[in-house]
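J.: Spelled out, the chains give:
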Amino acid sequence: MTTPVPPPASPQRRFKALVIGSGAGGAPAATALAEAWGEGVALLEAGPHLHARDFTQVEREMVPRLYAQGGVQGTEDGVLSLLQARTVGGSTVINDALCFRPPPELDARWKALGAHIDTAALAPFVDRVEEVLQVREIRRDQINRANYLVGLGAARLGWHGERLRHNSVGCVQCGFRHLGCAYDAKQSMNLSFVPRAQAAGAQLLPEVEVHHLERRGGAWVALTSQGAFAAEHVVLCAGVVQTPTILLRSGIAAGDGVQVHVQTVAWGDFDDPVDGFNGIPMAYGVLEFADIYGHTGPGYLIEGVAVQPLGFSVQPQLEGLGHDEVLGRYRHLSGAVSLVRSASRGRITLKDDRPAITYPLVEADLQRLAHFYDRATELYLAAGASRVLLAHRHVGWVDRVTPVPTMDPGTFYVYTAHPFGGAGRGLVTDEVGRVPGQPGLWVLDGSAVPEAIGVNPQVTIAALALEGAARLIADA
Amino acid sequence: MSPPLRRRDFLTLGVAGVAGLAGLKAGGRWLLGVTPPALPLPSLVHLSARQAATVTAAALAMVGPHGEAAYAEGRWEPAADVDALLGRLAADQRDQLGLALILFEEWTPGLSGFSSWDREAQRARLAAWRTSRLGLHRGVWGFLHAACCSSFSGSEAGWETMAYPGPCVGTARPPGQTATFAWDEVVP
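Respectively, the protein sequence lines represent chains A and B.
Numbering-wise, this note's numbering comes out as the position in the first sequence, counting from 1, plus 86.
Numbering-wise, this note's numbering comes out as the position in the second sequence, counting from 1, plus 544.
Chain B extracted, bound-state conformation (with noise of 0.2 angstroms):
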């Protein structure tokens, strides 16, 4: 499928400006902002508390044991994460992204909103649109991806389940590689 007929799709959709955020940063690398600690939700400022709701469920469903162990304890708050990265958006992205937001939750006519299924069923839903052939699917998959996971890999939480040690500086951690190895004369 060629660019173009991915943004018709959108188009077909009429949510032509979700192609901004379609996988709003489906490729995106960086993706948190500072976040404010433990922020109660009603100190978003972008999210809805519905949206919130839709966010933080993608969250656990997405990250799994680990997230869900944190998120428990509060150790991990990926509503306010997603709010901070909204606020390095511009407007009119912003508002396309709220719009996917409420399309991904009442996608479905008929059933209750996605934030209120069981978590089998929202990894079904999360599962299918990663890979459905429609191209808003993927990019509203793509931007709840790459936000609430960078949003657990960038929490203490997730370093804990990465093994990873954290900075150097200002820390007991002093910098340099750790991984040894004998060097091979083949390689130059």
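Here chain A stands alone, though its shape is the one from the complex (with noise of 0.2 angstroms):
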């Protein structure tokens, strides 16, 4: 996008707010401010509006349309690949639907690192937050045999699995979560929060991307590809690459303290056919190794995954087996995934005015995808897998735990779909999402959240956003 010249704003480009962003974040905080406000708050999308007739199932066709830089998002080094979406209702069209509830453990954390959470506080929006997404526990009859299996595994070797909760309602169980929900059925911030805000009386701008913000006259300018807008408060919520972006070509310092979900894979091999792109793609989860609920484990979930052909074929080992090969056994193969709660920390800076994601993964981060790629050999082959592969180059099929060779970045295949910070609470914001010194100025989206919180994000989001709304309102 190129620097816009910024007419003045009209009168019908004026508002009581500007909310920048509608995922997670975005459209919750939209909707509080519209039910206080009604016609005076605006939602900013920097993506097209798609419907369900739009999502095509097709990767080559939908990974270039919904996803941020059309799917090749990553850091500048190359080993980090980073996956969100540029759409009404941002990445929540795009993720698995799996809904969390903020980890009591949060509370101590964020204390520990200058900000603040009460998730007994937050209880209340979290409630309404899953009300809006009617979240619900997946049922076994809607468990694949994938994800079973990751479930067998586990239980045979006495680890703490469970089915997880989702926000799908009347799921067909296609297995295209990530392309977008064509039945309208999983309840995605487009289908959930964004139609309330737009009844509360909130304007629905798609299209719509934000360069910089100005502060002129006692009010804020949001200099954008459709020209100026103006409002007395403005929310961001462009999500964590985004939204740093937007602060620095402001002038307003942002873009530390990035973190990160580490996410890696590990397949295993059955006689019979698995078909995991049938059915709810994740729906399983190992906490054995997770540092929250109670858990000490070294920090991470395990999760059950399936994907797509397209996405399957980049994992680097493939070709070294002999891609042919390997993809004869795709319908073969249950796929689990790490969450790791990463200990690394990244930026956000501006290079020729775009954004530039660093992320150096610290050696800690090394040694818990290292003892992932170990524990769900072990689970695979409890299952009764015939062998396992891993995401990594110098390993191929494995048929014991085979600790890697080595954990050089860059010889395994790694990406997030879930970043956090860059405009952290107590970095950037206060406590509650404003920026101090910038009267009217607020950060309520993943950007916000100081830290890698262990778990899909989507609920715990909305919920500081409906918070932070709240906040606003009374300040106002």
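Mixed in with the good hints, there may be bad ones.
Claimed, not checked - With beta-carbon atoms standing in for the labels, derived distance ranges: (1) B:716 with A:516: 55 to 65 angstroms; (2) A:214 with B:677: 33 to 43 angstroms; (3) B:636 with A:214: 21 to 31 angstroms; (4) B:653 with A:248: 38 to 48 angstroms; (5) B:651 with A:214: 36 to 46 angstroms; (6) A:450 with B:664: 33 to 43 angstroms; (7) A:223 with B:720: 18 to 28 angstroms; (8) A:301 with B:657: 53 to 63 angstroms; (9) B:675 with A:439: 29 to 39 angstroms; (10) B:720 with A:220: 45 to 55 angstroms; (11) B:631 with A:491: 31 to 41 angstroms; (12) B:657 with A:313: 41 to 51 angstroms.
To be verified - So, partial list: chain B residues that the calculated Cβ filter (under 10 angstroms) puts toward chain A: (13) 593; (14) 606; (15) 607; (16) 631; (17) 634; (18) 637; (19) 652; (20) 661; (21) 663; (22) 695; (23) 696; (24) 709; (25) 719; (26) 720; (27) 732.
No lab work stands behind these hints, which were simulated from the structure alone.
Please read these numbers as outputs of a predicted model, since none were measured by experiment.
The beta-carbon is built from N, C-alpha and C at its ideal position, and this holds for glycine as well.
Put the complex together from the two separate chains, hints included.
T.: Structure (structure tokens):
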């Protein structure tokens, strides 16, 4: 996007509040503000407003259309791929619909970071989020074989595993959640909070990309791809990459303290077809190695995962094994993904006006990833797999726990769909999301979350956004 | 090896920027663009003819016999997919990647370019770069692998290789589970 030359904001473009970004933070924030201020609220979204009929379930069509930077967003060194969406509803449109309440351990951890959260006080907001998203436990009959095998391996090893909760109503189990739900079953923000915000009077303005903010005459002016918009209050919810980018372009310090869930994958190879591409892709979780909800493990979840062909094929070990041969086993593979609560810290900076992401993995994360490879191997062999495929270039099929020879970044496949921080509480904002010294400017999305929380984050982010919006309304 | 050391590898080689494409998305999960059907090479926007030849040769060497057949039948054009992918990168990243492809093609002085080698020699080069100690090598391999293999698996020819049935919407395939299994009560 080129730097816009701002015309003066017309009366039709003046609002009491602008919410920038319509994902897990922005949509609930806009709803709360619109319920208080009605038509005085505008919800700006850089991406398009897509509907069920637009979701073709074809990766090569939907990934460029739905994903930030067409799916190629990642760190400058190419080691970590960072998956986010760019559409009305944000990343909730492409997520796997898993829902966790905020772990109570956040209270102490955030305090140690100089931030604040009171998960008990947050509970009413979590309740409202779960009500609007219609969160429910995934039933046993909805667990597909790929996820069941994760549960079976964990159970045979005596590890704590459980069916997870999701925000899908009448799910037809097509397997394409990450490409947008074509059946309007997944209650992503575009189908849940955004319509509520609109019903309360908020104006939804898709395909409006904010470049930066300026303070003029006691109001904020957002300079966008569609001209200028002015408001008394601005709530930044553009995501962990774009929120710090907008702040930096606006001359406001941000971008430090990024943290992610580091994700890598292992595959169990079974004699009978698993057909993981059918059914709910992520439905079963293993909490044995987590350090939340009372667990005291090294700090990661294992979740069942199924991916469609394009996503599957980019894993780095395949070529070395004979790509054709591995693809031929696709129907027989069950996948497990790590959700490592990273100890590393990254940054968002500006490079030629674009966001540049750095995320050097520290030794503690590399050790946990290696730990995951070993435990995932153990899990799948216990479940009856004949062999296991690790997403590591130096390791092919293994039929016993085989420590990986190196954890040099770049030798294994790693990505994240859960970034946090960059405008974190205690760093860029105060304890509820205000940006100190910038009257009326708030941050209420994942970028305000000061650490990797350890679970799929949409419920936590949405609840914090509702809480922050309530404070904003009270302040105003 | 630590990430900073890896970056020094690039600097030592004078192509620090290649780190950006290193693996260009070596870990990248989603790499394909909406590809115009059956683009002839002259229609490529970002790849030169030479770079397209490099990409095509690498893709055929990596994917194997099913890929060779699909390419010969005109059902898979990896260079067009990679060209579309490049269009989604920032200009500086795209420039770095173009340089990396040239380096890969012409890496060995005195020898003809990679794309003119026989397939076995190409596979040997790819295998060596895949696990090389040099971050530059691993990065270029990572890009080629992710871009070329996702290109194939995103195509209908790739789906056939994987026995993947494709989408449900707009087709006769009903959504829902197909693999049957009995639930062992040991599983909560």
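J.: Among the hints numbered above, which are violated by the structure, and what are their numbers in rising order?
T.: Per hint list: 2, 3, 4, 5, 10, 13, 19, 20, 21 violated.
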